[in-house]
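**Student:** Sequence:
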Amino acid sequence: MIKNIPLLEVDEVKITLIMDNTIDLFMTGNEIVHRFDSSKSPLTKDDGFSALIAEHGFSTMIQVKNGNKQATVLLDAGMSPNGILHNMNSLGIDINDIQAIIISHGHVDHTMGLPSLVEKLESHKIPLICHPDAFLGRKLIMPGGYEVNVSAPKLTASQQEKIVFINTVDPTLLGDDMILVSGEIARTTDFETGFPIHYTKHKGQWENDPAVKDDQCVIVNVRGKGLVVITGCCHSGLINTIHYAQTLTNSQKVYAVLGGFHLTGGIFEKIIPATITELQKINPTYLMPGHCTGWSAIHQIAQSMPKAFIPNNVGTTLVF
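Be aware that the sequence shown starts at 1, since it is given in UniProt numbering, and climbs by one per residue.
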């Protein structure tokens, strides 16, 4: 197992939730949790949609600062072709500030906005970090036998010219070594056993792939605070993911964990108690579960760890 990645501590990290499943334009924040200021934007945009929209998808912008060094990366691209572009516009985000794009895993709810995003990029050769499996065919075979296509979209030749694919199973350091992409996550717990109805197409053949091996997270180490772990869907398991971040960085202190924890639905709700028990042992200062975490898990986490819990909301910026 890879250990002791030289991830630099940062003075500050800002994490802006561009897309997620939940929206409340009037949710209040505090000195750490900055909510969307609805007074500075019309509630309805020219396209007829709300200033911010939510969908069953995930995308977040991560900005880090260490002294005079700064870096900005995008993790995931949402479920719809133009949803993240709509929200970026409302949030005043300049697409061309993005220095790298990270794909947490190759499912449609994290990748469908990628072609439109890349099309808008003015700069060429932006790194796109993903697992080698991320753009393979993917599907779910539901208990009733019907199939759901969850494959990532294909990029056109002209779109591919604007990016540089970094396909790797290994960890990747970005932004002057201030941001760490985990790469393939080690599976060590006995209760996080994967997604049994998931299939991946390898060499023309569909294979059962409960592990969703391309699942990865992003890690930042805040000076004097500890690790901030940002997840897409956590198909590798939330506890596996946090433990792997600790192993990679040789740092046990976890300051914040946010993103999708994949604890929704009948397959995963049974592991909510074990997950919360292990979370309480890790004892992060902040938790913001969203996307695929599910109503039941979010509420149980809020009840079990009320001081750490932050309600999820599109347009939120966390400042650590």
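Don't read these hints as lab results, they were simulated from the structure. Given the structure is predicted, the values throughout are model-derived calculations rather than measurements. Take these hints with a grain of salt, some might be off.
Stated by the list, open to error - In silico lysine-lysine, DSSO-like type, Cα no more than 27 angstroms apart, as pairs:
hint	residue 1	residue 2
1	K125	K65
2	K125	K45
3	K14	K45
4	K3	K281
5	K125	K154
6	K213	K65
7	K125	K69
8	K154	K201
**Student:** Take the hints in turn and mark each one as holding or not.
**Tutor:** Verification of the hints:
no., hint, result
1, K125 - K65, "holds (23 angstroms)"
2, K125 - K45, "violated (32 angstroms)"
3, K14 - K45, "holds (26 angstroms)"
4, K3 - K281, "holds (22 angstroms)"
5, K125 - K154, "holds (17 angstroms)"
6, K213 - K65, "violated (31 angstroms)"
7, K125 - K69, "holds (21 angstroms)"
8, K154 - K201, "holds (15 angstroms)"
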